[in-house]
Amino acid sequence: MLTLETPRLTLRPYTSEDADFVLDLYSRMEVQRFLGANPKLMRDRAEALTLIEAWSRRDDGTCGIWAVQEKTVQDQDTGNLTGTLLLKPIPASGPERKPSGDIEIGWHFHPDSWGKGYASEAGAAVLAHAFAAGLPQVVAVTNPANTASMRVCGKIGLQHQSSTDRYYNTVCELFTAENPN
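Heads up: the sequence shown begins at 1 in our numbering, then just goes up one per residue.
In case anyone wonders, no lab produced these hints; they're calculated from the structure. Among the hints, a few may not be true.
Claimed, not checked - Below 30 Å or equal to it, Euclidean Cα-Cα: the simulated DSSO-like pairs (lysine-lysine) are:
#: 1; residue 1: Lys40; residue 2: Lys116
#: 2; residue 1: Lys40; residue 2: Lys155
#: 3; residue 1: Lys71; residue 2: Lys98
#: 4; residue 1: Lys88; residue 2: Lys116
#: 5; residue 1: Lys98; residue 2: Lys40
#: 6; residue 1: Lys71; residue 2: Lys88
#: 7; residue 1: Lys98; residue 2: Lys88
#: 8; residue 1: Lys116; residue 2: Lys71
#: 9; residue 1: Lys88; residue 2: Lys40
#: 10; residue 1: Lys88; residue 2: Lys155
#: 11; residue 1: Lys71; residue 2: Lys155
Unchecked claim - So the derived label-pair ranges between C-beta atoms look like this:
#: 12; residue 1: Ser16; residue 2: Asp60; range: 17 to 23 Å
#: 13; residue 1: Leu35; residue 2: Pro13; range: 20 to 26 Å
#: 14; residue 1: Glu53; residue 2: Thr147; range: 21 to 27 Å
Predicted, not measured: the structure shown is a model, and the values here were computed from it. All C-beta atoms, glycine included, are put in the ideal place defined by N, C-alpha and C.
Could you build all of it, start to finish, from the sequences and the hints given here?
Structural data, given as C-alpha coordinates:
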(Lines of atoms letter the chains of each structure in order from A; the text may use other names.)
(Lines give C-alpha, C1' and ligand atoms only; values in the text may rest on other atoms or scores of the structure.)
Protein backbone atom coordinates (compact mmCIF):
# COMPACT_ATOMS: atom_id res chain seq x y z
CA MET A 1 0.00 0.00 0.00
CA LEU A 2 1.19 3.46 -0.86
CA THR A 3 2.11 5.63 2.13
CA LEU A 4 0.84 9.20 1.80
CA GLU A 5 2.27 12.26 3.55
CA THR A 6 0.71 15.60 4.45
CA PRO A 7 2.33 18.44 6.39
CA ARG A 8 1.18 16.97 9.73
CA LEU A 9 0.19 13.39 8.99
CA THR A 10 1.43 10.08 7.63
CA LEU A 11 -1.17 7.76 6.08
CA ARG A 12 0.12 4.20 6.14
CA PRO A 13 -1.16 0.63 6.19
CA TYR A 14 -2.50 -0.66 9.47
CA THR A 15 -0.43 -3.40 11.14
CA SER A 16 -1.17 -5.84 13.94
CA GLU A 17 0.66 -3.46 16.31
CA ASP A 18 -2.23 -1.02 15.79
CA ALA A 19 -4.88 -3.41 17.16
CA ASP A 20 -5.24 -1.64 20.50
CA PHE A 21 -5.92 1.66 18.74
CA VAL A 22 -8.43 0.04 16.36
CA LEU A 23 -10.22 -1.54 19.32
CA ASP A 24 -10.31 1.78 21.18
CA LEU A 25 -11.55 3.69 18.12
CA TYR A 26 -14.28 1.28 17.04
CA SER A 27 -15.52 0.45 20.54
CA ARG A 28 -16.69 4.05 21.06
CA MET A 29 -20.33 4.90 20.42
CA GLU A 30 -19.39 8.50 19.60
CA VAL A 31 -17.40 7.11 16.63
CA GLN A 32 -19.78 4.30 15.65
CA ARG A 33 -23.07 6.18 16.02
CA PHE A 34 -23.05 7.40 12.41
CA LEU A 35 -21.75 4.19 10.81
CA GLY A 36 -24.51 2.17 9.21
CA ALA A 37 -28.14 1.68 10.08
CA ASN A 38 -27.32 -0.30 13.24
CA PRO A 39 -24.02 0.78 14.80
CA LYS A 40 -22.03 -2.07 16.32
CA LEU A 41 -19.30 -1.59 18.91
CA MET A 42 -16.10 -3.59 18.61
CA ARG A 43 -15.75 -5.93 21.59
CA ASP A 44 -12.21 -7.28 21.75
CA ARG A 45 -8.68 -7.21 20.37
CA ALA A 46 -9.27 -10.34 18.25
CA GLU A 47 -12.00 -8.49 16.38
CA ALA A 48 -9.59 -5.59 15.81
CA LEU A 49 -6.96 -7.95 14.40
CA THR A 50 -9.54 -9.54 12.09
CA LEU A 51 -10.54 -6.09 10.81
CA ILE A 52 -6.92 -5.08 10.19
CA GLU A 53 -6.41 -8.28 8.19
CA ALA A 54 -9.56 -7.57 6.14
CA TRP A 55 -8.36 -4.03 5.50
CA SER A 56 -5.03 -5.31 4.17
CA ARG A 57 -6.92 -7.27 1.50
CA ARG A 58 -8.57 -4.04 0.25
CA ASP A 59 -5.29 -2.64 -1.05
CA ASP A 60 -5.31 -2.70 -4.85
CA GLY A 61 -2.76 0.05 -5.46
CA THR A 62 -5.47 2.72 -5.59
CA CYS A 63 -8.05 1.76 -2.98
CA GLY A 64 -7.12 0.95 0.57
CA ILE A 65 -7.65 1.64 4.25
CA TRP A 66 -5.01 3.88 5.84
CA ALA A 67 -4.00 4.41 9.44
CA VAL A 68 -3.68 8.17 9.98
CA GLN A 69 -0.78 9.06 12.25
CA GLU A 70 0.56 12.36 13.52
CA LYS A 71 4.07 13.07 12.33
CA THR A 72 6.62 13.28 15.09
CA VAL A 73 8.08 16.75 15.11
CA GLN A 74 10.81 17.76 17.52
CA ASP A 75 9.22 18.73 20.86
CA GLN A 76 5.71 18.46 19.41
CA ASP A 77 3.35 15.73 18.22
CA THR A 78 3.82 12.24 19.59
CA GLY A 79 3.31 10.19 16.44
CA ASN A 80 -0.04 8.99 17.81
CA LEU A 81 -2.61 7.33 15.60
CA THR A 82 -5.57 9.63 15.03
CA GLY A 83 -7.97 7.71 12.80
CA THR A 84 -8.76 5.79 9.65
CA LEU A 85 -9.06 7.00 6.04
CA LEU A 86 -10.88 4.77 3.55
CA LEU A 87 -10.98 4.65 -0.24
CA LYS A 88 -12.96 1.60 -1.29
CA PRO A 89 -15.80 0.26 -3.42
CA ILE A 90 -19.13 1.21 -1.85
CA PRO A 91 -21.84 -1.47 -1.71
CA ALA A 92 -25.25 -0.86 -3.22
CA SER A 93 -28.33 -1.18 -1.07
CA GLY A 94 -30.11 -4.50 -1.28
CA PRO A 95 -30.16 -7.82 0.55
CA GLU A 96 -26.81 -8.89 -0.93
CA ARG A 97 -25.09 -5.47 -0.82
CA LYS A 98 -23.52 -6.05 -4.22
CA PRO A 99 -20.88 -3.64 -5.57
CA SER A 100 -22.38 -0.38 -6.79
CA GLY A 101 -19.54 0.43 -9.18
CA ASP A 102 -18.72 3.60 -7.21
CA ILE A 103 -15.64 4.32 -5.09
CA GLU A 104 -16.18 5.84 -1.65
CA ILE A 105 -13.94 8.03 0.47
CA GLY A 106 -14.59 8.08 4.21
CA TRP A 107 -12.97 8.74 7.56
CA HIS A 108 -13.29 7.68 11.18
CA PHE A 109 -11.29 9.66 13.73
CA HIS A 110 -10.68 9.24 17.43
CA PRO A 111 -12.52 11.84 19.56
CA ASP A 112 -9.15 13.03 20.92
CA SER A 113 -8.32 14.12 17.35
CA TRP A 114 -11.57 15.89 16.51
CA GLY A 115 -11.41 19.60 15.71
CA LYS A 116 -7.78 19.58 14.57
CA GLY A 117 -8.42 19.44 10.82
CA TYR A 118 -6.95 15.95 10.48
CA ALA A 119 -9.94 14.51 8.59
CA SER A 120 -9.81 17.31 6.02
CA GLU A 121 -6.03 17.08 5.64
CA ALA A 122 -6.00 13.29 5.27
CA GLY A 123 -9.15 13.26 3.13
CA ALA A 124 -7.69 15.80 0.69
CA ALA A 125 -4.53 13.69 0.34
CA VAL A 126 -6.50 10.51 -0.41
CA LEU A 127 -8.81 12.32 -2.83
CA ALA A 128 -5.78 13.69 -4.70
CA HIS A 129 -4.31 10.16 -4.72
CA ALA A 130 -7.58 8.76 -6.14
CA PHE A 131 -7.62 11.26 -8.98
CA ALA A 132 -3.89 10.86 -9.69
CA ALA A 133 -4.58 7.11 -10.02
CA GLY A 134 -7.21 7.90 -12.67
CA LEU A 135 -10.49 7.43 -10.84
CA PRO A 136 -13.11 9.50 -12.69
CA GLN A 137 -15.28 10.16 -9.62
CA VAL A 138 -15.27 9.60 -5.87
CA VAL A 139 -18.36 9.57 -3.64
CA ALA A 140 -18.85 10.09 0.07
CA VAL A 141 -21.94 9.33 2.09
CA THR A 142 -22.77 10.63 5.53
CA ASN A 143 -25.48 10.08 8.06
CA PRO A 144 -27.91 13.03 7.71
CA ALA A 145 -27.11 14.03 11.32
CA ASN A 146 -23.32 13.95 10.86
CA THR A 147 -22.73 17.63 10.20
CA ALA A 148 -19.01 17.36 11.02
CA SER A 149 -18.42 14.88 8.18
CA MET A 150 -20.51 16.98 5.84
CA ARG A 151 -18.22 19.95 6.58
CA VAL A 152 -15.17 17.79 5.81
CA CYS A 153 -16.75 16.79 2.49
CA GLY A 154 -17.09 20.45 1.54
CA LYS A 155 -13.58 21.35 2.69
CA ILE A 156 -11.97 18.70 0.47
CA GLY A 157 -14.02 19.59 -2.62
CA LEU A 158 -16.91 17.13 -2.56
CA GLN A 159 -20.24 18.60 -3.66
CA HIS A 160 -23.52 17.74 -1.95
CA GLN A 161 -25.91 16.03 -4.38
CA SER A 162 -28.95 14.86 -2.44
CA SER A 163 -30.26 12.37 0.07
CA THR A 164 -30.08 8.83 -1.26
CA ASP A 165 -30.83 5.27 -0.26
CA ARG A 166 -28.56 3.78 -2.97
CA TYR A 167 -25.91 2.60 -0.49
CA TYR A 168 -25.66 0.64 2.77
CA ASN A 169 -29.43 -0.01 3.05
CA THR A 170 -29.99 3.36 4.72
CA VAL A 171 -30.68 6.97 3.82
CA CYS A 172 -27.46 8.98 3.50
CA GLU A 173 -26.39 12.38 2.26
CA LEU A 174 -24.49 11.89 -1.02
CA PHE A 175 -21.43 13.96 -1.95
CA THR A 176 -19.36 13.58 -5.15
CA ALA A 177 -16.18 14.90 -6.68
CA GLU A 178 -15.21 14.56 -10.34
CA ASN A 179 -11.62 14.08 -11.48
CA PRO A 180 -10.46 17.51 -12.69
CA ASN A 181 -7.98 15.99 -15.17
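Okay, the hints, checked on the actual structure:
{"no.": "1", "hint": "Lys40 to Lys116", "result": "holds (26 Å)"}
{"no.": "2", "hint": "Lys40 to Lys155", "result": "holds (28 Å)"}
{"no.": "3", "hint": "Lys71 to Lys98", "result": "violated (37 Å)"}
{"no.": "4", "hint": "Lys88 to Lys116", "result": "holds (25 Å)"}
{"no.": "5", "hint": "Lys98 to Lys40", "result": "holds (21 Å)"}
{"no.": "6", "hint": "Lys71 to Lys88", "result": "holds (25 Å)"}
{"no.": "7", "hint": "Lys98 to Lys88", "result": "holds (13 Å)"}
{"no.": "8", "hint": "Lys116 to Lys71", "result": "holds (14 Å)"}
{"no.": "9", "hint": "Lys88 to Lys40", "result": "holds (20 Å)"}
{"no.": "10", "hint": "Lys88 to Lys155", "result": "holds (20 Å)"}
{"no.": "11", "hint": "Lys71 to Lys155", "result": "holds (22 Å)"}
{"no.": "12", "hint": "Ser16 to Asp60: 17 to 23 Å", "result": "holds (21 Å)"}
{"no.": "13", "hint": "Leu35 to Pro13: 20 to 26 Å", "result": "holds (21 Å)"}
{"no.": "14", "hint": "Glu53 to Thr147: 21 to 27 Å", "result": "violated (33 Å)"}
Hints 3, 14, counting from the list given before, are not met by this structure.
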